[in-house]
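Student: Chains A and B supply the protein sequences, listed in that same order. One point on numbering: in the working numbering, the residue at position 184 of the first sequence is 184, and numbering is uninterrupted. One point on numbering: in the working numbering, the residue at position 39 of the second sequence is 39, and numbering is uninterrupted.
Any given hint could be a false lead.
[Claimed, not checked] Only pairs whose alpha carbons sit at most 30 Å apart, straight line, appear in this in silico BS3-like list of lysine-lysine: (1) B:42 with A:431; (2) A:433 with B:42; (3) A:17 with B:209; (4) A:149 with B:42; (5) A:146 with B:42; (6) B:42 with A:286; (7) A:200 with B:42; (8) B:42 with A:85; (9) A:197 with B:92; (10) A:398 with B:42.
[What the hints assert, rightly or not] Sample of chain A residues with no beta-carbon within 12 Å of chain B, all distances over it, derived: (11) 97; (12) 98; (13) 120; (14) 192; (15) 222; (16) 234; (17) 322; (18) 371; (19) 374.
[What the hints assert, rightly or not] Estimated spans, in silico, between C-beta atoms of each pair: (20) B:103 with A:275: 32 to 42 Å; (21) B:12 with A:269: 46 to 56 Å; (22) A:156 with B:45: 28 to 38 Å; (23) B:76 with A:402: 47 to 57 Å; (24) A:275 with B:266: 26 to 36 Å; (25) A:487 with B:45: 19 to 29 Å; (26) B:79 with A:162: 40 to 50 Å.
Derived by calculation from the structure, the hints in this document are not laboratory data. By construction, the Cβ of each residue, glycine as well, lies at the ideal position given by its N, Cα and C atoms.
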Amino acid sequence: MRIKNAVRYKAPIEMLKPWFILMLAVIVIAGCAKESSEAAPSEAKQITVASSTDSGINRLDAASYEGMMQAYPLIYDSLVEYGEKGEIQPALAESWDISPDGKEYTFHLRKDVQFSDGTPFNAEAVKFSVDRWANKPEHDWLLTSKNLKSVEVIDEFTVKLTFTKHYYMTLAELSYPRPFRIMSPTSVEPAGDPEGKFVKAIGTAAWVQAEYIQDVQTVFTPNSTYWGDKSGIDKLTFKVVPDSQSRVLAAQNGTIDIAGGEVSKIPLESLSLLKNGEKTKLATQKGTASYFLVVNDANKAIADKKVRQAINYAVDKQSIARDLFDGTGSPATGILPTTNAYVSEDNNKGYSYNPGMAKQLLNEAGWKDANGDGTVEKEGENLVFSLVLQTEEYPEWKPLAEAVQDQLSKVGIQVELKVLEQASYYDALWKNKDYDLLIYRTYADAFNPLSFLMALFYKTNEAPAVAFGTEQLSSLIDRAAATLTDEERFKAYNDIFQLMNEEAMSVPLFYPDDLFVVNNRISDVQLGATTFRPIVWEKLRLDEQR
Amino acid sequence: MNKALLKRLIWTIPTLLGVTVVTFALVQLMPGDPTDISLRSKGIIPDAVSIAEIRRQMGLDQPLIAQYGAWLNEIFHLRLGLSFQSGLPVTKELALRLPATLRLMGASFAVACILAVPAGIVSAWYKQQHLDHAVRFLSILGASLPHFWIGAMLIYLFCIRTNLLPMMGDGGIMNYIMPSITMAAGMAAVYARMLRAGMLEAIADPHYKAARARGIKQSRLIVQHAIRPALLPFITVIGNSFGYFWGSSIIVEAIFSWPGVGRLMIDAIFNRDYPVIQAITLLTAACVIVVNLAVDLIYYWLDPRIRAEGGRYEEL
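Chain A extracted, bound-state conformation (with noise of 0.2 Å):
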């Protein structure tokens, strides 16, 4: 029956026809469309970084926090700038002067520098962005802004601001991207007023805002009265790329150039693919921050010491950083890296690796596998840790959660892992410490060491320290952030670290390296001593030859 229809009827594949031929019409008009957009190569030299959010460019004021980190220090330069190891270096002042009693800072200002709008740059343009930031609610978390009693123009190129209190971490905190950094008055409405609307955002920084699509991209050109050196390239785009996979395939294609850093992570998985890829290479180099677990002692095996040095003896941090993370970071030590401030061989030493000795101290605190089921126990309880983690920021703390477990199993001890969602994990970790061992990551930069222990290993009288605290720790952070010298602050530093170290006050994993994926058709790239300057951006070249 069927086979007779077909023969009496055309088959219905040719009354289809028109269909087919509609369909390829459309992909042949959209074919040449495409070439006739590829016609125009432009000439100018333009670089495509990617980041995994918006810039915020029409609410970047300097003083605000709505834009992404990064774009401020493109727009606006900041008195000082912070360089490797903390290292404080001028940048709009070319020198300052600290009274004795460290209440004081006289800023002298460079005389040759002007906003991209062509307003001066002098001491009345820093009073005017200071008075936009000093004493405001939402900057109280900085002590910079908090203490500030009063800023004085001495003359047309010399600032001075005045503290209620001696703070070591001034210079510091005013390298942030933001607030602190200098804004010009003519950035407001009506123009100079430090309460002024927020119109636009110019700064005296290398680069200003070109074009600006949002959730799309921000593309910046060089700033023509920059006063530092001359870019390499005409045009500085940022593209919004929010998911990791498509930025690793977005730059194998070459759709963009730069990815990685802070700016938009790239998976780790992918980075033996982009190493010596066709197109791209990898620029790396030490980073500030470290993987660590942090350690509960509400429960009570951890609050014995001998059980949370048992920990740190038992995991293998060589074997987590050549096998686990592939070479793109170090074994770590102490808490911070020795990239740090204040940090160096001799006061980050940590613990080796050694299950020996993490048995023998497990024993000698009572935990014995007597009934040989491979899991220690005490008084008849096994030892059963609940590992807490989250991978929405950090997808790679899944595989290192796992070898913390593998490893931690050779000695005994059993980890059970709990990955949570973002917000539940920050929960655990600030809130209701839900947790027995929890992985987390310390701050980078300037944070590091003061702000970071203020905020995890620091108790009050009022509350318990949010990782871990003993009041010995918190007299001896009090005392390093009272210093007057670096001498001092040396010798406080080397106390706090020896003391958290011998008590274990947390389990040090990894130092991940500072990791970005780049075209290969960029010649020069000078990695940035922040993440929010993750690279020197007026510095990238590219190569002529390709």
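Starting from the known structure of chain A, fit chain B onto it as the hints suggest.
Tutor: This is chain B only, laid out in the frame that chain A set:
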């Protein structure tokens, strides 16, 4: 317009109210504190004072019932509150991104139809023959492959192996090809199978045999007597697929860096941006209700049997 239909229209209001209650409750039940997250996500190390201050600004210090009342009040004034994250009105945030998502959904729907209609017809006509098997195999494939896989494969083929298509963003017509195919694949499969089943049913019907016996022209026979009766259930599926496309847009937009609502939603969830999450959920629910209503209306208009019996709505 009949009474039952009117009743149905009126029912949408309590339904939407119910949606607001559920949405509000779910958002409140989520673990994670929006004040804490919004500060930390901006790189601020929060202290108790700044948390209390921002909590007051966000209105989170109010009792829950007051927060819910405030939100309802906003909705009645056709506003949706201010985003915790950006501080901008949620309506503005949505207006900025909705067009891109709707365009992508429209393109995907078109692609799904372009793929499904010929596939369904061929498949029905050559029932149990090679072509039919091929189409059915492809549709099972299309329905089972996840978006992120299809998306990544398309990018690999058209952007890495060959440089034929632009990889990301909303731009010219070329930008639509890969995301809309990714989004359409699953639905095209469903459409094709629906059409096939509907056509087979129609072909088995006596009226089709009669039409054929009269020697009607082939194109007319297929279009009028096989496809047309198959279209009615098809319309229901199209209505349902609105929700599917809306949901897929979240993943597809992320893969292709498409500046739409899906990404706004993901960011809002991660940042516990309550007003944005609530607004998008409510909007989704409202759209689904409206689309379903539209489907029923079209049914009413297309199918004389329903009109004659006044039937379909009596059951509702």
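Student: If a hint holds in the structure, say so; if it doesn't, say that too.
Tutor: Checked hints:
no. : hint                         : result
1   : B:42 with A:431              : holds (19 Å)
2   : A:433 with B:42              : holds (23 Å)
3   : A:17 with B:209              : holds (26 Å)
4   : A:149 with B:42              : holds (26 Å)
5   : A:146 with B:42              : holds (19 Å)
6   : B:42 with A:286              : holds (24 Å)
7   : A:200 with B:42              : holds (21 Å)
8   : B:42 with A:85               : holds (24 Å)
9   : A:197 with B:92              : holds (20 Å)
10  : A:398 with B:42              : holds (25 Å)
11  : 97                           : holds (29 Å)
12  : 98                           : holds (25 Å)
13  : 120                          : holds (31 Å)
14  : 192                          : holds (24 Å)
15  : 222                          : holds (24 Å)
16  : 234                          : holds (21 Å)
17  : 322                          : holds (30 Å)
18  : 371                          : holds (37 Å)
19  : 374                          : holds (34 Å)
20  : B:103 with A:275: 32 to 42 Å : holds (38 Å)
21  : B:12 with A:269: 46 to 56 Å  : holds (48 Å)
22  : A:156 with B:45: 28 to 38 Å  : holds (36 Å)
23  : B:76 with A:402: 47 to 57 Å  : holds (51 Å)
24  : A:275 with B:266: 26 to 36 Å : holds (30 Å)
25  : A:487 with B:45: 19 to 29 Å  : holds (27 Å)
26  : B:79 with A:162: 40 to 50 Å  : holds (45 Å)
Of the hints listed earlier, there is not a single one the structure fails to meet.
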